[in-house]
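K.L.:
Please work from the sequences and hints to get the whole structure.
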Amino acid sequence: MEQKQPQLHRGLEERHISLMSLGAAIGVGLFLGSASAIEMAGPAILLGYAVIINFVVLTAALSSCNSGIFSTSRMLFNLAEQQEAPSAFGRLTKRGIPGAALIATALVMLVGVYLNYVSEKVFQWVTSIATFGAIWTWAVILLSQLKFRKQLSAEQAQRLTFKLPLHPYSSYVSLAFLIGVAALMAYFPDTRIALIIGPAWLLLLTAVYFAKGMHRRQHGQAEEKQAG
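Residue numbers in the sequence shown follow the numbering used here, run continuously in steps of one, and reach 228 at the last position.
Calculated directly from the structure, the hints in this document are not laboratory data. You may find that some hints are simply not true.
Here are the computed distance ranges between Cβ atoms for each label pair [unchecked claim]:
#, residue 1, residue 2, range
1, Leu107, Gln151, 38 to 44 Å
2, Phe210, Phe162, 29 to 35 Å
3, Phe55, Ser87, 39 to 45 Å
Please read these numbers as outputs of a predicted model, since none were measured by experiment. Glycine residues also receive a C-beta, built at the ideal position from the N, C-alpha and C atoms.
P.N.:
Okay, here's the thing in structure tokens:
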């Protein structure tokens, strides 16, 4: 009997995303405008309030860690499938979980926990670098969308299933906003490090990309798709 290959388990459904979003909204909403009430209540309520705040913060942190582990392990799995990451990350357990990618993600998170105790500024550095990654990613998406729409004829643009509202002005406004955020990061000394480490990391990834010949492989795959 032919043995079935394990498939990637995708357990995050629409109801899970809805519950996480609703919980986050309720958690924030409970504390909006509560400062004056706490001030009038005096010190007696502060202990109970601190416990509630700690519970909310810890719950939010656990939720963030859970989503980070889930998404990062799946990204490593996908990169391995495209031969852009070590093949070990593309292996699945019997339950359809990318085990090696999951372990690697957890180990990197543990390193982050350790670094948090080394310096008080590590957390700010990490969040700043993550912000740079988000800025770069969305800037590339917006520029790609602008180039994509520019290459389409009027007839092809009309056949698009989804059209970006207020195109191309919405893309330009979004790019201006991202540039503004980057300028603010450059202005403050604590976040300026992200604009140094971020580009250096991108240059390293680009060098590895070309050194490994990934550009030639992707070009060949694109030609095969066009021929097929």
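K.L.:
Look at each hint and say if it fits the structure.
P.N.:
Verification of the hints:
1. Leu107 to Gln151: 38 to 44 Å: holds, 43 Å
2. Phe210 to Phe162: 29 to 35 Å: Cβ of Phe210 to Cβ of Phe162: about 33 Å, so the range 29 to 35 Å holds.
3. Phe55 to Ser87: 39 to 45 Å: Given about 42 Å between the Cβ atoms, the range holds.
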